[in-house]
Amino acid sequence: MNGLWQPRLLAVTTMTGALVAVLLVIGILAGSSGLSVGDVLHTLFIGGDAGQRFIVFELRLPRVAVGLLVGASLGVAGALTQSFSRNPLATPDILGVTSGAAAGAVAAIVIGGGTYAVGSGMLGVGLPAIAVIGGLVTAIVVYGLSWRSGVDSYRLILVGIGVTASLTGITQYLIVRAQLTQAAAAQQWLVGSLSGVSWISVWPVLVSLTVMLPLALTQTRALDLTQLGDDVSVGLGVAVQRHRLIVIVCAVVLTAVAVSASGPIEFVAFLAPQVARRLAATARPPLLASGLIGAAVVTGGDIVGRTLLPWSVPVGIVTAIVGAPYLIWLLTRRNSRERTTA
Amino acid sequence: MRTPPVLTRGVSPGASAGADSHCAAALASPAPGRRLRLTGALIGLPAALVVVVMASLVLGSNHVSLGQVLTALVDRSDDPGAIVWGSRVPRTVLGLVVGACLGVAGAVMQGQTRNPLADPGLFGVSAGASLAVVLGIYLADVTSVLAILWLAFVGAVVASLVVFGVAALGRGLASPVPLAIAGMAVSALLGAVTSFLVLTDEATLAGYRIWVVGSLSGRTLSGIGPALAIAAAGAVLAVLNARSLDTLALGAELATGLGENLVRARLVGLGAITLLTASAVAITGPIGFVGLTAPHVARSLVGGSHARLLPASALVGAIVLLGCDVVGRLIGGMGEVSVGVVLSVLGGGVFVTIVRRGRMAQL
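Those protein sequences? They're chains A and B, same order as listed.
Residues 1 to 342 in the numbering used here are what the first sequence spells out, letter by letter.
Residues 343 to 705 in the numbering used here are what the second sequence spells out, letter by letter.
Bound conformation, chain A alone (with noise of 0.2 angstroms):
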């Protein structure tokens, strides 16, 4: 099963784990100030000047910890959805959950009155618990409207999808509806972006993975059980309704307080499980794996897209460009192959 005494499944967590190390380092470097590697281990384990302490502390090590926290949290947010629906297209994003939270953060700093530019306290509690709010209150609805004596996976993503739509519209309502700095700020928040974090965005983020990621992890054997569907899992001994309620409250916390933290970084939730999957060759996505490499793909797409180009380019656009077609190309081949074997 998917536990992580298989050689396999432990290499790839172990590597993605030595990768999002170096990327820890790299983001750090990253950047025009002249560190070089020794500068940055030197000021990280003993310290060094302090011009080198605030570049290090102050300005890169907050966005380099938002960007692993927020990918590994929609990494593993991600496995959640995809495996207790079974299907690789159910991801926050596409369920409604990501665009719930984004509404109701934007209603937080239309309303609340632009507080997302100056770091007040709101953006340390207030942000992440409207957020979760938003996302929980969708979840639930997206759920309801998909239940027909039973959820069919299926119909889950399409009520997602017409969900999601109205909510984009209603963001897009309350922007129009915002003062012209709220808007902005409003604005370039949606867009997915670590630029301007700093401590405060950290901390709400970190409380919720070392929260959710055990909780997630002991649902582990219930998740491989319900691979084989519901009705076995019952038989097996699963309490199914409490284990879903659980997966889902997980899955949504963790994507909503990252979303609160970053803005919604499209794709990373359904990026990181498929191939934290296809590398360890599981039957389902592999949760601390998954939450890995989510890690590795926000940080390395934050790198690249704050150096590889002359002007910086937010991360929510780099994880679009390369995720929507890895989407479109696993559509294509799921579709040739469940018409080959239909």
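No false leads were mixed into what you were given.
Which chain B residues face chain A? A few, computed with CB under 7 angstroms, are given here:
1) 508
2) 520
3) 522
4) 524
5) 527
6) 530
7) 531
8) 534
9) 537
10) 538
11) 679
12) 683
13) 687
14) 690
15) 693
16) 697
Over the 10 angstroms line for every Cβ pair with chain A, so calculated as not near, a few chain B residues:
17) 380
18) 388
19) 389
20) 393
21) 483
22) 496
23) 568
24) 591
25) 639
Just so you know, these hints were derived from the structure itself, not from any lab.
Just so you know, these numbers come straight off a predicted model, no measurement behind them.
A virtual CB, placed ideally from N, CA and C, is assigned to each residue, including glycine.
Starting from the known structure of chain A, arrange chain B on it as the hints suggest.
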């Protein structure tokens, strides 16, 4: 829903003619209950259109009474005349044209794919058209309406080929999920590329804003001739496609059995969809959900025969688009909410309703 292959192989020329006349009869003579609805539609749709047009002329940020509007329509010289002829009339005319275009494009798309969720905005056709326009603005500083039309047309063709290609590689176009997700993915990709372009160049942003929101605000009638011509060409193709769409409703295999030239039918349909969408996008930017909603409302009123469905979809599309534009003017407070945003909120609900009704395969 797939047609069992047995059916097509078993159809002899005689049986084919019989089936043809049978389904033609079924399509031509509606059931008694439906006849009542048909009469209702014949009176109700034009009446609703008149109401919406009047509302669009009267309601807006500047207060003009109905009497003043009616006077101003005849006499352009005085003050309300400037508002009515300067902004309300162009806006109303363009709304009607774009709504009708998108309604018909949606009906053809749903007929061609037998997919009840088909919509040019939702499935990336509009996103392709607007990306091409933004590329043109970015690379070549394009401003003329004719050039923008061409760009929108090329973008619409490319995007629809990609979306349909992706979806058709497998379970067929009639299966709603692959097409919906392929459309979503292509839209997301095109949107990301567009944002990427815009970020490189602030100057593009100003010209680009018009093409991303889908709005009737501030559009004028000048230079709109080419767009109207393209729209008319698209409408002609759609009408020519009506009979084929009726046979395609039985499934591609059965349609071939009935003597339908599949390649020609598909090409004419694709031409209609792209011409209509391109002209709509060239006028207002991408607007979703009209093409989804209009055919469903029209179908419930006049039935599935495309000879009736296409004009009814045009009417419903015009009513829906103009109605949503009026709503957007009223709820915006100081500013105004663009029609694309209103439609996105309401259209999401329509989409969910269609999914929940769950008659996916029966179109």
